[in-house]
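Protein chains in written order, with my numbering: chain A, 1 to 325; chain B, 1 to 325.
In short, the hints are calculated from the structure, not lab data. Among the hints, erroneous ones may be present.
Note that identical chains are pooled: a pair holds if it fits in a single copy or bridges any two copies.
DMTMM-like, lysine to aspartate or glutamate: derived pairs with alpha carbons at most 25 Å apart [what the hints assert, rightly or not]:
hint, residue 1, residue 2
1, 96, 86
2, 97, 84
3, 22, 150
4, 270, 23
5, 234, 23
6, 25, 79
7, 97, 79
8, 25, 161
9, 302, 283
10, 25, 150
11, 96, 148
12, 22, 161
13, 286, 17
14, 234, 306
15, 36, 23
16, 256, 125
What follows is each chain in one-letter form.
2 protein chains.
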Amino acid sequence: MQDVPALRSLFEQYLADNLIDKEPKALYEPFNYIMKMGGKRMRPVMALLACQLFDVDAEAALPAALSVEIFHNFSLVHDDIMDEADIRRGQATVHKKYGLNSGILSGDVMLIYAYDFLRQTSRAEAIPELVNTLSQVAIRVCEGQQYDVDFEVRPSVSLDEYLLMIEMKTAALLAGSLKMGALSAGANERDQLHLSAFGRLPGIAFHIQDDYLDTFGAPNKVGKRPGGDIVQNKKTCLYIRALEVGNDAQRAALQKWYSEPSSNEAEKVKSVTAIFTALGIPEYIKTLRNEYQQRAYEHLAKVSVDKDAKAALYGLAESLLVREL
Amino acid sequence: MQDVPALRSLFEQYLADNLIDKEPKALYEPFNYIMKMGGKRMRPVMALLACQLFDVDAEAALPAALSVEIFHNFSLVHDDIMDEADIRRGQATVHKKYGLNSGILSGDVMLIYAYDFLRQTSRAEAIPELVNTLSQVAIRVCEGQQYDVDFEVRPSVSLDEYLLMIEMKTAALLAGSLKMGALSAGANERDQLHLSAFGRLPGIAFHIQDDYLDTFGAPNKVGKRPGGDIVQNKKTCLYIRALEVGNDAQRAALQKWYSEPSSNEAEKVKSVTAIFTALGIPEYIKTLRNEYQQRAYEHLAKVSVDKDAKAALYGLAESLLVREL
């Protein structure tokens with residue numbers, strides 16, 4: 001069993017060995033540029049951890065790990081175009097550095113390579129289901145991205161709809177990474193399902209927590225002044241829940257604050273936070289996060305392998321989530 | 001054996017049965033919009049023809065046929081963005097009708113479905129190689145598109161490089177359509193190779209012929225005044241070959257004509273055509289086209305099935321190519 005730092009190194013080496021060094025340069029340079037930008041390599045590490053959970057060397061899941069990391073980076077390249085984002089991980093985004101057309105076309109070829117690398121999987125009989133899993137995850141990610149766009153302009157969105165969007169846009173790929181690692185190891189279907197569920201839930205819990213901390217986090221812990229989301233009129237879990245449970249006056253006040261640029265940001269943050277607090281939103285959201293976290297651990301407990309082997313996956317989930325909100 | 005019109009109907013019905021009717025609408029509406037726009041359905045018909053060549057019902061290749069048609073339309077959606085094209089088959093392009101972001105994201109989900117539909121293939125043992133063929137073709141198409149972009153700004157491009165770009169950008173998918181049809185039928189590797197080669201060559205021949213006819217076609221046959229490519233400074237086979245074989249004065253004259261917007265279009269067409277003719281370009285290009293066509297037929301002849309069964313594929317190639325240039 002290799003630990004997380006060892007698995008990360010293993011993945012970095014495999015990635016370096018598989019960077020695409022061929023013509024046309026203008027197609028593959030942006031591909032390599034974003035792949036080398038780093039990041040925590042959360043998804044590939046999850047695939048490798050899932051594989052060795054079943055007493056199979058992590059190496060067996062390297063193609064799946066590379067596939068999910070390429071897919072993740074493909075989605076960043078195209079999302080950054082759609083969001084008109086200039087900076088990613090402190091560097092210029094692909095389309096900012098290489099132009100719109102290169103962003104589109106390099107993203108396309110990355111999506112194709114996410115499929116193509118799966119052919120390197122040593123357990124050949126797993127390949128069709130790996131391809132299928134990648135497709136189902138990829139479809140969910142695209143649908144989630146579309147819902148995110150739709151929700152920006154829709155007058156009302158329920159918390160359930162919002163959480164489903166988060167599940168599709170971000171948690172599905174975390175779940176898929178674990179499933180593809182398990183598939184690479186030949187795990188049974190029941191274990192694949194519990195692992196997928198385990199992977200999905202902390203992704204959602206993390207997002208809920210992120211929304212919570214932005215408004216209610218202690219500044220010394222979070223490292224920034226609370227209320228950034230409120231200033232930016234971001235439709236977070238807190239805001240959506242408040243619209244669901246608030247009375248007419250509270251809803252009208254929230255919608256007014258969120259419909260115009262505020263001349264007094266401090267006053268806006270204070271007023272909106274007061275409405276959230278009056279409605280019991282922080283407690284509700286804390287409980288919601290804890291429920292997702294709890295259910296995740298229940299699924300992990302049901303995976304039919306030795307308890308010790310799961311420690312690294314518990315650890316990874318714990319590292320995402322603050323113990324006490 | 002079904003004829004081409006019957007196969008086209010078969011495909012249209014399968015497509016209609018498989019249009020994606022689910023949420024989010026904003027993602028799938030552009031997908032269905034371009035798929036329903038029509039076109040000749042050349043690629044799916046080729047896949048179906050290739051399948052029944054091996055005495056297997058064309059129905060067996062319907063998933064492969066749908067896959068190549070979706071892939072083709074995905075590439076049109078993203079290419080139209082890159083080319084800033086407003087009109088496609090007489091209708092608004094996807095990004096023009098639905099916006100840039102929908103064009104990118106719907107294109108992405110189409111590429112994923114091009115893979116996903118292959119799972120419906122009844123010969124399950126063919127699926128891994130179908131997926132692999134789609135990936136290899138898709139990579140070539142992206143590379144070809146990148147070379148096309150690169151060549152626009154490169155000071156000089158050889159005819160060989162230009163023809164390779166054409167092979168990648170358009171002929172590879174025609175070849176892949178035949179190969180995927182043959183794979184769906186369980187054809188042997190040798191037959192797959194000859195069919196691929198057969199599919200690739202008329203695609204290139206057609207492109208060469210298109211360049212030729214634009215300048216040297218009889219207006220009553222071509223249906224437009226000759227010289228449109230010259231007026232638009234398009235770097236066709238004729239132009240590239242002329243730069244390769246012309247003397248310094250001829251090259252300088254050509255480059256001058258192509259470097260500035262012309263105030264007198266008729267004079268420009270006349271002068272450039274005269275240089276092409278003086279260099280023997282029309283004869284060279286005619287011979288080149290005929291060679292590609294001839295080699296295509298040689299490959300088709302080598303496919304190990306009854307000669308009559310190949311008639312429809314001969315017919316399809318013939319319908320692309322003018323008999324006498």
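The hints, checked one at a time:
1. 96 to 86: Intra 6 Å, inter 24 Å, cutoff 25 Å: intra and inter.
2. 97 to 84: both (13 Å within a copy, 20 Å between copies)
3. 22 to 150: between (39 Å within a copy, 15 Å between copies)
4. 270 to 23: Neither way: residue 270 and residue 23 sit 56 Å apart in one copy and 38 Å across, limit 25 Å.
5. 234 to 23: Result: close only across copies, 24 Å inter versus 43 Å intra.
6. 25 to 79: The answer is both: 23 Å in one copy and 19 Å across copies each meet 25 Å.
7. 97 to 79: Classified as both: same-chain Cα gap 15 Å, cross-chain 20 Å, threshold 25 Å.
8. 25 to 161: Between copies only: 15 Å across, 42 Å inside.
9. 302 to 283: neither (29 Å within a copy, 74 Å between copies)
10. 25 to 150: between (36 Å within a copy, 10 Å between copies)
11. 96 to 148: both (22 Å within a copy, 21 Å between copies)
12. 22 to 161: Answer is between: at 16 Å across copies they meet the 25 Å cutoff, but 44 Å inside does not.
13. 286 to 17: neither (44 Å within a copy, 46 Å between copies)
14. 234 to 306: The answer is neither: 43 Å in one copy and 67 Å across copies each exceed 25 Å.
15. 36 to 23: Within one copy only: 18 Å inside a chain, 35 Å across chains, cut-off 25 Å.
16. 256 to 125: neither (57 Å within a copy, 60 Å between copies)
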